[in-house]
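*Asks:* One letter stands for each residue in the lines below.
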Amino acid sequence: MKANVHVTLKRGVLDPQGKAIGHALQSLGFDGVDDVRQGKFIELELAETDQDAARAAVEAMCQKLLANTVIEDYRIDFVG
Amino acid sequence: MKAAVIVFPGSNCDRDVSVALEHATGHKPAMVWHRDSDLPQVDLIVVPGGFSYGDYLRSGAMAAQSPVMREVVARAKSGTRVLGICNGFQILTEAKLLPGALMRNAGLKFLCRTVDLRVENADSAFTAGYAKDQLIRLPVAHHDGNYFADADTLARIEDNGMVAFRYVTPDGAIDASGNPNGSANAVAGLFNEGRTVLGLMPHPERAAEPLHGNTDGKPLLDGLVEALS
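Chains as they are written, first to last, in our numbering: chain A, 669 to 748; chain B, 4 to 232.
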């Protein structure tokens with residue numbers, strides 16, 4: 669089973685890299701981008717076949733290492 | 004005072020701080036490799052600066068999970084003094100020994116220069132060599148030094164006198180021009196609640212000898228030796 673983990677800065681935490689990307693897009697002529705938030709994308713190949721058990725395991729991975737929950741939120745999606 | 008310096012792959016201030024400790028105490032500190040879980044009995048554990056594990060994932064995130072850090076956390080909880088400098092500060096926040104997090108500098112650039120600081124709390128083993136409100140200058144060299152904590156945590160930090168050093172202007176004022184990386188409340192150095200753990204972004208070990216051109220970091224080391232010997 670494959671899990672995709674998206675880690676982004678929490679709403680309300682200033683994302684200077686996202687802001688710089690937004691400015692760069694604007695200077696390239698891409699108008700209408702109101703906000704940019706950048707983050708990390710992590711793919712996990714899991715031996716576990718039960719989705720509930722896999723979700724619990726990936727939750728624990730996010731809490732312990734993959735995200736710093738002081739500043740980051742995470743989202744877990746299962747594919748395949 | 005017996006000291007140990009933790010060495011991770013990618014640490015690069017371990018030997019600088021070892022020399023500074025040797026000059027302050029008269030003997031070499033123990034250098035402890037990150038895979039070792041047996042840490043000698045010491046009065047002070049230093050988590051040095053550098054780029055442990057190449058700053059993969061987040062600065063300090065991998066090092067915080069290393070075997071030796073489990074022991075460092077246990078020792079810190081039993082009262083052993085722990086000093087984290089630069090990457091060491093990042094590691095201590097990732098290991099939850101200190102609240103908050105260190106994010107990318109607000110200006111996005113790596114900062115390498117000397118900054119002005121104000122000693123906010125001289126009532127600790129780490130800062131006893133300074134006077135409260137003393138202005139000092141120390142070098143910084145970091146990309147992720149932008150201290151962040153939520154409003155409740157910042158209130159708790161301030162209420163408990165946990166700010167050790169703040170970034171200031173040369174005349175001691177707290178404003179945006181004196182804050183090099185956008186840190187919340189201009190936090191440059193932070194204690195835990197018991198003031199037995201200190202993390203700071205500036206490098207006292209790089210300002211500890213006349214040859215460095217600046218000795219403002221020396222009172223931090225000398226104060227520790229006096230308090231812990």
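For the record, the hints were derived by calculation from the structure and aren't laboratory data.
Mixed in with the good hints there might be a few duds.
To be clear about the criterion: a stretch of chain B counts as covered by chain A if any three or more of its residues have a C-beta under 8 Å from a C-beta of chain A, and this derived list gives those stretches [stated by the list, open to error]:
no. : segment
1   : 53-64
2   : 93-104
Below, simulated DSS-like cross-link-like pairs (lysine-lysine); rule was C-alpha separation at most 25 Å, straight line [claimed, not checked]:
no. : chain 1 : residue 1 : chain 2 : residue 2
3   : A       : K678      : A       : K708
4   : A       : K732      : B       : K99
5   : A       : K670      : A       : K708
6   : A       : K670      : A       : K687
7   : B       : K99       : A       : K708
8   : B       : K135      : B       : K112
9   : B       : K221      : B       : K31
10  : B       : K31       : B       : K135
11  : B       : K5        : B       : K80
12  : A       : K678      : A       : K732
13  : A       : K708      : A       : K732
14  : A       : K732      : A       : K670
15  : A       : K732      : B       : K31
16  : B       : K221      : A       : K678
17  : B       : K31       : A       : K708
18  : B       : K5        : B       : K221
19  : B       : K5        : B       : K31
20  : B       : K112      : A       : K687
21  : A       : K678      : B       : K99
From the derived model, a few chain B residues whose C-beta atoms are all more than 10 Å from chain A [as the list claims (entries may be wrong)]:
no. : residue
22  : P43
23  : Q68
24  : T83
25  : N108
26  : L111
27  : R116
28  : G197
29  : S232
Cβ coordinates follow ideal geometry from the N, Cα and C atoms, glycine included.
*Asks:* Next, verify each hint and record whether it holds.
*Replies:* Verification of the supplied hints:
With 3 residues bearing a CB less than 8 Å from a CB of chain A, the segment 53-64 of chain B meets the requirement of three and the coverage assertion stands. Counting residues of the segment 93-104 of chain B whose CB falls under 8 Å from any CB of chain A gives 5; the rule of at least 3 is met. Distance hint between K678(A) and K708(A) is fulfilled; the C-alpha atoms sit about 13 Å from each other, no more than 25 Å. At roughly 11 Å between alpha-carbon atoms, K732(A) and K99(B) fall within 25 Å of each other, so this suggested pair holds.
With a C-alpha separation of about 16 Å, the suggested pairing of K670(A) with K708(A) holds against the 25 Å cut-off. About 31 Å separates the Cα atoms of K670(A) and K687(A), which puts this hinted pair outside 25 Å; it is violated. Between K99(B) and K708(A), the direct Cα distance comes to roughly 22 Å. Compliance with the 25 Å bound is thereby established for this hinted pair. Distance restraint check for K135(B) and K112(B): the Cα-Cα separation of roughly 31 Å exceeds the 25 Å cut-off, and the hinted pair is therefore not satisfied.
A C-alpha spacing of about 17 Å is found between K221(B) and K31(B), which places the hinted pair at or below 25 Å, so the restraint holds. The hinted pair formed by K31(B) and K135(B) fails the criterion: a straight-line CA distance of about 30 Å is larger than 25 Å. Pair hint K5(B) plus K80(B) holds up; C-alpha atoms about 18 Å apart against a cutoff of 25 Å. Restraint check: the Cα-Cα separation between K678(A) and K732(A) comes to about 17 Å, which is no more than 25 Å; the hinted pair holds.
At most 25 Å may separate the alpha-carbon atoms for a hinted pair to count; K708(A) and K732(A) meet this at roughly 16 Å. Taking the CA atoms of K732(A) and K670(A), the gap is near 19 Å; set against the 25 Å cutoff, the hint holds. With a CA separation close to 35 Å, the supplied pair K732(A) and K31(B) exceeds the 25 Å bound. For the proposed pair K221(B) and K678(A), the alpha carbon gap of about 39 Å is over 25 Å, so the pair is violated.
Restraint check for K31(B) and K708(A): not satisfied, since their Cα atoms lie roughly 41 Å apart, outside the 25 Å limit. Simply put, K5(B) and K221(B) have alpha-carbon atoms about 17 Å apart, close enough for the 25 Å limit, and the pair holds. Taking the CA atoms of K5(B) and K31(B), the gap is about 9 Å. The hint holds against a cut of 25 Å. Only pairs whose Cα atoms come within 25 Å are accepted, and K112(B) paired with K687(A) is accepted, the gap being roughly 14 Å.
At roughly 18 Å between alpha-carbon atoms, K678(A) and K99(B) fall within 25 Å of each other, so this suggested pair holds. Taking the minimum C-beta to C-beta distance to chain A, about 28 Å, the non-interface status of P43(B) holds against the 10 Å cut. Separation of Q68(B) from chain A is inadequate, the least Cβ-Cβ distance of about 6 Å not exceeding the 10 Å criterion. Non-interface call for T83(B) relative to chain A: holds, since the shortest CB-CB distance, roughly 24 Å, exceeds 10 Å.
Under the 10 Å C-beta cut-off, the non-interface status given to N108(B) relative to chain A is violated; the minimum distance is some 8 Å. Not every C-beta of chain A lies more than 10 Å from that of L111(B), the closest at about 5 Å, which undercuts listing it as non-interface. At roughly 19 Å, the least C-beta separation between R116(B) and chain A is larger than 10 Å, which holds for a residue marked as non-interface. The Cβ of G197(B) sits about 20 Å from the closest Cβ of chain A, beyond the 10 Å cut-off, so the non-interface label holds.
Interface exclusion of S232(B) from chain A stands, the closest Cβ pair being 36 Å apart, more than 10 Å.
Checked against the numbered hints above, the structure breaks hints 6, 8, 10, 15, 16, 17, 23, 25, 26 and satisfies the rest.
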